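Peer 1: When you get a sec, could you build the whole thing from the sequences and use the hints?
Just so you know, the sequences run in chain order A and B. Under the numbering used here, the first residue of the first sequence is numbered 17, with each subsequent residue one higher. Under the numbering used here, the first residue of the second sequence is numbered 17, with each subsequent residue one higher.
These are computed hints drawn from the structure, not numbers from a lab. One thing to keep in mind: the hints can contain errors.
As the list makes no split between identical chains, a pair holds if one copy fits it or if it spans any two.
Taking lysine-lysine and the PhoX-like style, the derived pairs with C-alpha atoms no more than 20 Å apart in a straight line are [said to hold, decoys possible]:
{"#": "1", "residue 1": "Lys-156", "residue 2": "Lys-33"}
{"#": "2", "residue 1": "Lys-136", "residue 2": "Lys-111"}
{"#": "3", "residue 1": "Lys-162", "residue 2": "Lys-79"}
{"#": "4", "residue 1": "Lys-22", "residue 2": "Lys-33"}
{"#": "5", "residue 1": "Lys-33", "residue 2": "Lys-162"}
{"#": "6", "residue 1": "Lys-22", "residue 2": "Lys-111"}
{"#": "7", "residue 1": "Lys-142", "residue 2": "Lys-162"}
{"#": "8", "residue 1": "Lys-33", "residue 2": "Lys-142"}
{"#": "9", "residue 1": "Lys-111", "residue 2": "Lys-143"}
{"#": "10", "residue 1": "Lys-119", "residue 2": "Lys-136"}
{"#": "11", "residue 1": "Lys-162", "residue 2": "Lys-119"}
{"#": "12", "residue 1": "Lys-142", "residue 2": "Lys-111"}
Values in this document were obtained by computation on a predicted structure and should not be read as measured data.
2 protein chains.
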Amino acid sequence: MNRFIKLAIEEASNGLKVNEGGPFGAVIVRNGEVIAKAHNEVLASNDPTAHAEILAIRWASQKLDRFNLSDCEIYTTCEPCPMCLAAIYWARIPKVYYGCTKKDAAQIGFDDEYIYDVIKEVAEVKKLESIQIDRSVCLKLFEEWKSNEDRVGY
Amino acid sequence: MNRFIKLAIEEASNGLKVNEGGPFGAVIVRNGEVIAKAHNEVLASNDPTAHAEILAIRWASQKLDRFNLSDCEIYTTCEPCPMCLAAIYWARIPKVYYGCTKKDAAQIGFDDEYIYDVIKEVAEVKKLESIQIDRSVCLKLFEEWKSNEDRVGY
Chain A
17 MNRFIKLAIE
27 EASNGLKVNE
37 GGPFGAVIVR
47 NGEVIAKAHN
57 EVLASNDPTA
67 HAEILAIRWA
77 SQKLDRFNLS
87 DCEIYTTCEP
97 CPMCLAAIYW
107 ARIPKVYYGC
117 TKKDAAQIGF
127 DDEYIYDVIK
137 EVAEVKKLES
147 IQIDRSVCLK
157 LFEEWKSNED
167 RVGY
Chain B
17 MNRFIKLAIE
27 EASNGLKVNE
37 GGPFGAVIVR
47 NGEVIAKAHN
57 EVLASNDPTA
67 HAEILAIRWA
77 SQKLDRFNLS
87 DCEIYTTCEP
97 CPMCLAAIYW
107 ARIPKVYYGC
117 TKKDAAQIGF
127 DDEYIYDVIK
137 EVAEVKKLES
147 IQIDRSVCLK
157 LFEEWKSNED
167 RVGY
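Peer 2: What follows is the structure in structure tokens.
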């Protein structure tokens, strides 16, 4: 089997042993070298965003001292949820290798597939009410950003 | 205007002044009380996941010492990107108030709308290659999780 997926599984397994979170692990690799590895820490940290991929991206960015990880790949034990998939896009990582699917995750009680369905607008029930207010005032922030010629895009 | 959106704008504005990230702020509120506020810190932290909503959720969870924020609401200066929207679902927050739209964000150079299009499978170009490997080995982690009767769901 793939050696980085094996590492991601070991990482997830370590997390399970100490009950730090769900059965998920991720590894970020650059030129064949492991830059960061993480397991899900939602239970340990009480942080609902502490998925393995999010933590691995955070730590890899810290290690490489840059927010652009376009020269990295990510290996994860499960197809990323929409939060983690979007994080991979924001990090500009061009390649993801994954083991289980979002349907597998749904089978063991994780909402990945449901959140995909919400974003695809095919979910039967939407558990989130979304209300737009005060757009015109918020837009001033965007104008301020756009008018700053020294801004750093990301 | 709404006082919590006003706070979110002030927070975003503070971040812009010190060049910590893009023009985005978020506030988490519970029973009319502000639990956490944050601005985008992608540039300050070099963490591509350091969006205002993610940070606000992280800090609110720490403050309340729980990953379930179902008694909270979130106010944000811009419609959440898919990463932040999914994070709001994972945190079980039932209500989001937002100012600008994802189209407004795209106008000033942020990929929010594109990532939505990728997830909706309508994007013309997909910048991420996604490869499934070693599912059967990864599934063992899921079986281990499911067979643990003391597991805490989240």
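Peer 1: Give a verdict on every hint.
Peer 2: Outcome of the hint check:
no. : hint               : verdict
1   : Lys-156 to Lys-33  : between (49 Å within a copy, 14 Å between copies)
2   : Lys-136 to Lys-111 : between (22 Å within a copy, 19 Å between copies)
3   : Lys-162 to Lys-79  : neither (30 Å within a copy, 34 Å between copies)
4   : Lys-22 to Lys-33   : within (16 Å within a copy, 45 Å between copies)
5   : Lys-33 to Lys-162  : between (48 Å within a copy, 14 Å between copies)
6   : Lys-22 to Lys-111  : within (17 Å within a copy, 39 Å between copies)
7   : Lys-142 to Lys-162 : neither (34 Å within a copy, 26 Å between copies)
8   : Lys-33 to Lys-142  : neither (34 Å within a copy, 37 Å between copies)
9   : Lys-111 to Lys-143 : between (31 Å within a copy, 9 Å between copies)
10  : Lys-119 to Lys-136 : both (15 Å within a copy, 17 Å between copies)
11  : Lys-162 to Lys-119 : between (41 Å within a copy, 15 Å between copies)
12  : Lys-142 to Lys-111 : between (31 Å within a copy, 11 Å between copies)
The structure shown violates the earlier hints numbered 3, 7 and 8.
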